[in-house]
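Chain by chain, the residues run as shown.
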Amino acid sequence: MGVDDMKSNEIMNKVIRNLILAALALGPAAVLAAPSGQALSFTCAGCHGTDGSSVGPSMPAIAGMDPGVFIDAMKAYREDQRNPTIMNRMAKAYTDEQFKEMAWFFAGQRLRSMPQKHDAALAARGADLHKKHCEKCHEKGGRPGDAGTLAGQWMPYLEYTLGDFLDGKREWPRKMKRKVDAAVAEEGKNALPALIHYYGSQHQ
Amino acid sequence: MPSSIAITRVACLWAVLFSLFIMPAAYAAPEEPAGELMIHSYDPETGKRIIPNERCLTCHGDEKEKTDVRDDGSKVKIFVHRKEIEASVHGKLRCNDCHSTIDRVPHRKAPEVIVGCIDCHKETLEKRKKEPDGKTERLKIVNEQVGNYMQSIHAQPSKLDQSRTNATCYDCHEAHNVGELGSIQRDEKRLKNPEVCGRCHEKQLKAYRTSDHGKAVLEKADSKSAVCSDCHTTHAIDAPETDKAKRAITKNCGDCHKDAQRTYFASYHGQVHRLGYTNTAKCHDCHGSHEIKGPKDPTSEIHANNRLENCKNCHKDANENFLTFWPHGDANDSEKYPGLWTFKIFMQTLIFGVMAFFWVHVLLWLYREVKDRMEGKGFIEDLDKPDVVYFRRFPLVWRWIHGLFAIATMTLILTGTTLLFSHTGWAKAVVAFLGGTEMEGIIHRTAAVIWLTIFLTHLAIAVRNIWRNRSSFEWFGSTSMLPNMKDMRDLRDMFKWFLGRGPRPEFSQWTYWQKFDYWAPFWGATVIGTSGLLLFAPEATAIFLPGWMFNIATLVHAEEALLAAIFLNSVHFFNVHFRPERFPMSTTIFTGVIPIEEFKHDHRIEYERLVASGELEKHLVRRPSRRADLAASFITTVLIMTGLALLTLVLIGLMTSPN
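For the protein sequence lines, the chains are Z and D, in the order given.
Our numbering applies: residue 1 is where the first sequence begins, and numbers increase by one.
Our numbering applies: residue 1 is where the second sequence begins, and numbers increase by one.
Simulated from the structure, these hints should not be mistaken for laboratory data.
Among the clues, some could well be false.
[Said to hold, decoys possible] Derived lysine-lysine pairs resembling DSS-like cross-links, with alpha carbons at most 27 Å apart:
(1) K177(Z) <-> K189(Z)
(2) K515(D) <-> K385(D)
(3) K83(D) <-> K177(Z)
(4) K132(Z) <-> K189(Z)
(5) K132(Z) <-> K77(D)
(6) K66(D) <-> K131(Z)
(7) K75(Z) <-> K100(Z)
(8) K600(D) <-> K131(Z)
(9) K136(Z) <-> K600(D)
[To be verified] Examples of chain Z residues lying across from chain D (beta carbon under 10 Å, computed):
(10) P67
(11) A107
(12) K136
(13) G163
(14) F165
[Stated by the list, open to error] Coverage of chain Z stretches by chain D, computed from C-beta distances (three or more under 8 Å per stretch; other residues unrestricted):
(15) 51–59
(16) 184–196
What you are looking at is a predicted structure, and each value in this text was computed from that prediction instead of being measured.
Cβ atoms here follow ideal geometry from the backbone N, Cα and C, with glycine treated the same way.
One chain only, chain Z, in its complex shape (with noise of 0.2 Å):
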């Protein structure tokens, strides 16, 4: 091994140790910080799919969904304030901070919804409704916004939750029963399946 060799390897060899002690430098920051929103998303893909985007039809999507409507949701599950499923289990585990990781998280995702099979004379029909009753709150058709996410939702979760707020499990949010009261008194029992398949016909 020449002198020159010797010293190519000694330069190599600070570059390594460099890049070596910037790792470390760095790495700490990365390890010590909180978990980010994403990693405690993770947790929620098992039912509402990745990033969100849930699969199993009685289980709402949550992906692009308004960050104010999902902290006041974990809020609610976590002082029990609302009908759950295991929602309250799994929203006590968390504080405002991490709410709020999670609802940024999922809402810079983008909603993928599936193709459901629905009745499209019934979900023209709900369209009507939809635009003469609901259109003011759930803007653009139901897309996701402060009022919540409809288009696309999984219209047996949408079934279960109507039903939750017409047997009283769940409060109505402000103004709402008057409007659902209206849009029954014009169409009838078929008034609420119609919203639901107009909803269920929107996937994105």
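Following the hints, complete the assembly by docking chain D onto the known chain Z.
Same frame as chain Z, now just chain D:
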């Protein structure tokens, strides 16, 4: 390690590092579908939800559903006119820039209208100041008005509910329809102004509807006629019983009724008002306020049948003669007020004539004496022969009379000219110092009584003296004050001397200018005294004289006083004190004596007569004591300085006079 391996190692390392940067982008790019994500509805800087106006207008802009039902079942208006707000000065703002408590749509709780305009306007101005544009100046005015509002009665807590102010910005400004200056909204706003104020001030609106202003605005849509804010101001609104409000309203009437205000300020009522006091009649005291109408309307407060009632509000004993007073008498209007105009022309001709003559006299005299002195001529004090012998010129009583007369006259000038020059800052300061216009009135009247008393006392003494000496008194003798032909000749000869065309004339006991100074107060006492007495107690005067006599009296009283003030403090001062032979002053009127040499120089004929008749001895006295001399100098100095100060104030008043 072979160098080739080392090189391969480095290359691999770089390749890995490079791929770390490139690969994620290469994978992510084709997967991103179009359309906004939810996070884009949030402001990346503040993390706050962006609520587009369109979102609000979905409900609030729906013409089919202009009302909603509150949680308690009551109806509530929720409609906002989309086009109005878009055209308004705030058209580019977001709804929740102002409605800052609204952060969720649909509203989770029944929303309250909580809007704070003030901070936003202040902050915007601060930002704009760094990069001023065309709107910055306007925004400054907006902020000034915010300041005015904060000081106003509207910004005070309501007596019925202390948690609220009496009125706030959006109670008057149609929140969604604030137009830029000059815009259609502004004109519309003027026309709506009475209705807006009338929402709270119902009684006033009802009265306003019956008024000439109200009919023009509300019935004929004439936006140039007066609306509430024209009189009450827009933001600096005070309770009408406050002095500030009364002054503002009177000032504001004049914004349209310029002539009426000009003539009002020329009257006693207006002069007092312009000094900042509100105890005299103001526009609304005679014309009424909200129900204001022309003089022909029988329900008008200024209709001939109703006018006296207004006078009686202040002048309890006012009689029919008050009705012939011209509250807006204009001395410049020869067609409408020929009498007043005539008096004004006469008085002004007199003032200009007298002043022009005597100022020419003064200037020529000054020129001659200065020239003589430069040539070593004229009366020059002989330092080797100091004054020891003096000539007694005035007995004690005349000296007292002159002193009191001077003080009374100066007091009258000071207190009187504050009214005449009520537009000046000094007049306001003097009146405030004296304790207000009522106190000033008392001082002026007291000084006037003293003045007249002195005048009459002097007359009595003079008559008594003449009566006592009636056997030997010569009406046109050398010691008589009566003007004679020699005075005319002296006057002519003085002008000749001024121009270097003759010797200085020799005088007897009294020179012609001294006789003029003596007789001028007789004229002054007649004019100022008579007019002053008429104005002294208006109710008493009106028992036997018509109301327009007050107009004439006010005019001549002021003009004659002005003449006296300027004459005494300039011409009289020069003749007695300031001409080079006497400068800086003569104290004879207070010591009563004059150095014999000076007497000989100024009154040679009398001196020679006394020498010839052997009477001189009995008039000669010793030089006054040093203390008497100092006292006389002190008093004279004070009076001269006061007189010059008064002259300055009068000249300031004349030069700044708005009329």
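Checked hints:
no. : hint                : verdict
1   : K177(Z) <-> K189(Z) : holds, 15 Å
2   : K515(D) <-> K385(D) : violated, 31 Å
3   : K83(D) <-> K177(Z)  : violated, 32 Å
4   : K132(Z) <-> K189(Z) : holds, 17 Å
5   : K132(Z) <-> K77(D)  : holds, 20 Å
6   : K66(D) <-> K131(Z)  : holds, 18 Å
7   : K75(Z) <-> K100(Z)  : holds, 11 Å
8   : K600(D) <-> K131(Z) : violated, 119 Å
9   : K136(Z) <-> K600(D) : violated, 112 Å
10  : P67                 : holds, 7 Å
11  : A107                : holds, 4 Å
12  : K136                : holds, 5 Å
13  : G163                : violated, 22 Å
14  : F165                : violated, 15 Å
15  : 51–59               : violated (count 0)
16  : 184–196             : violated (count 0)
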